[in-house]
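> Note that the protein sequences, when read in sequence, are chains D and L. Residue numbers are given in our numbering: position 360 of the first sequence equals residue 348, and the series is strictly consecutive. Quick note: to get our numbering, add 1 to the position in the second sequence (first position is 1).
Some clues are possibly wrong.
Unchecked claim - Calculated from the model, a selection of chain D residues having no Cβ within reach of chain L, i.e. all distances over 10 Å:
#1 V80
#2 L193
#3 G295
#4 A302
#5 G325
#6 I333
Said to hold, decoys possible - Simulated coverage check for chain L against chain D, where a stretch passes if three residues somewhere in it have a Cβ under 8 Å from a Cβ of chain D:
#7 101 to 107
#8 235 to 244
Derived from the structure by calculation, the hints contain no laboratory data. Bear in mind that the values here come from a model prediction, so they are computed numbers and not experimental data. Positions of the beta carbon are idealized from the N, C-alpha and C atoms, including for glycine.
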Amino acid sequence: MTASGAAAGRVPRARFPGFDRVGVVPAALAALALALPLVTFKPNRIAAGRGVAFWAALPPAAAAAGGLLLLLIGLAACLRVAPASRLGLALVALAALAGLVGLAPGAVALPGMPYARVSFAAGFWTLLLAFGIMAADGSARLALRPGPRVLLLGAVLLALAGLFASGWWNGLSILKEYAAHRDGFWAEAVTHGGLAFGSLFAALLVGLPLGVACARMPRLRGAALPALNVIQTIPSIAMYGLMMVPLGLLAGAVPFLGALGIRGIGAAPAGLALFLYALLPVVANTAVGLDGVPRDAVEAARGMGMGGARRLRAVELPLAAPVILTGVRIVLVQNIGLVTVAALIGGGGFGTFVFQGTSQAAIDLVLLGAVPTVVLAFTAAVLLDAAAEAAGRTPA
Amino acid sequence: MSRSGETLRVAGTRAVRRASPAAIAGRLCAAALLLLLVLAPRLFAPAFRLLAEDGAPAIYDQGSLLQLTLDHVALVAGSTAASAIVAVVLGVLVTRPSGRDFLPLSRTLVNVGQVFPPVAVLAVAVPLVGFGLEPTLIALVLYGLLPIFENTVAGLDGVPAAVMDAARGMGLDPRRRFLSVELPLAMPLILAGIRLSAVINIGTATIGSTVAAKGLGEVILAGLGTGNTAFILQGGIIVGLLAVLVYDALGLLEARLAARAGRA
């Protein structure tokens, strides 16, 4: 029963005992991926690339052993293995993939080609997708509690950090881009995080009280939420452009603000735009969360002699916390993505690399910006999901 | 029927349900302003001249605003339609008894898919398919899938069991049950997902101009590139009005369908 997953027992369909239909998806993808080029080889950074198949991109022994391992794990995905084993096997496959692809630069590029580039190709991404799906499937069936989920994420991030620190991937093109942009990378990382978290923080400072007020005053809610909704519909690129106008005028009129770094271009308009986008989810979810607080709980608090402010702090907000945290998750994931666009107005962040890479037709520079953005957003999503779930479990 | 899943992103915000005279007037004004901005942009030259640097053109002059707007709308309409077809079919499949096994996994994938910012999808698609329309279409279709899929599943799952039992009791076969009971009841939520997708796509399509797709992003990018605030504002206002009007129009359609589903 445990082996057949969450949906088992609902429908009689056990015509193939021991066969798992969902697992066919990652298995088929993995089989397909082994036929696609694993990496692309380019004689220099901007030359046209040539795809190199899995078998040709790795030393023969590694290709044979690695290919066999990945195929076996793909086969195991099609069987009814326990969710924990499914997750574990998928992680083993991902680790093996990370290890194997680190061997590719040595096998593909000759030692006398210092400018040669070896980048990930369709085969690598498809394998990553296949075993990522298998891992997601395993963890979804396992229904991990928030704590273990966060620990698992931490372990995966640590393993990734270890992989980069070890230098195993240094021959790969994306890390050559990193080496070329090392200082800029961390400066942009700080800008990216600062913009995403700073605007969230500002939105919480303004949005929480506004959300409480909206929950108390229907007329304010009727005015505030539609207005914030309209803001949400303004495209990010236009919003950034629009914010440049008032800030530019302001900085021109008040030299003191200009001296503080508030200008029509750069991080200030980006932060302001992100703050405006962040308001709706915070305000709406605070109001809806407070709506959902059981009347009995409020009455009981009143009966205990709690005043309005204390009731809000000790009873209502904790009970509304899961919904509010869901809003925070939306804001953070959305902001981390939107910061990439801020690079267009000189706001910095990982988007700088994405747009530079696009204009130079250098895909690995694009990835240097895109991959950390996705990792950051994914981490934020997992952490805040876990926080919201934990807040929902804790008896207030 | 629960309306909690109306928008994927934010709890409890809903469309204007009953049109007050002020709302109708606001809508008409927005539509009129949009038409004037696109068809007769010269009318606004005095206002935009205040923002343009000395000597810089106040009104976008590197192409026809009407043509760019039409390109933009076509791009968004095409990609949203493609997303809607794929997402609704997938959503229907995973809510059928034979597809239920795939529901937890597809939910997880949809959630994970949301953490990919559209800019990244766009930039990564370029080396695969080249510059221009194609990478933008890919990014828009992929990004538009998520809200529609989520809402389709929520809508079909939200049909009360009692209603399904009644339909079964009336002797409707599964196909009829689906077409004349489940789908109409789920339609308002599905449409809410399509609306969200369309509005997100109107914004994302502007980013498409960074990879040379034809659209209104060109106007904004031209402004960003030359430091001409008048262009930025002009492009921004047109795109913003477009988004607000589309959001509003689909919201009205959705409210009408919801009212009909409620009556059925």
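> Please go over all the hints and tell whether each is borne out by the structure.
Structure-based check of each hint:
{"no.": "1", "hint": "V80", "result": "holds, 19 Å"}
{"no.": "2", "hint": "L193", "result": "holds, 19 Å"}
{"no.": "3", "hint": "G295", "result": "holds, 27 Å"}
{"no.": "4", "hint": "A302", "result": "holds, 23 Å"}
{"no.": "5", "hint": "G325", "result": "violated, 3 Å"}
{"no.": "6", "hint": "I333", "result": "violated, 6 Å"}
{"no.": "7", "hint": "101 to 107", "result": "holds (count 6)"}
{"no.": "8", "hint": "235 to 244", "result": "holds (count 6)"}
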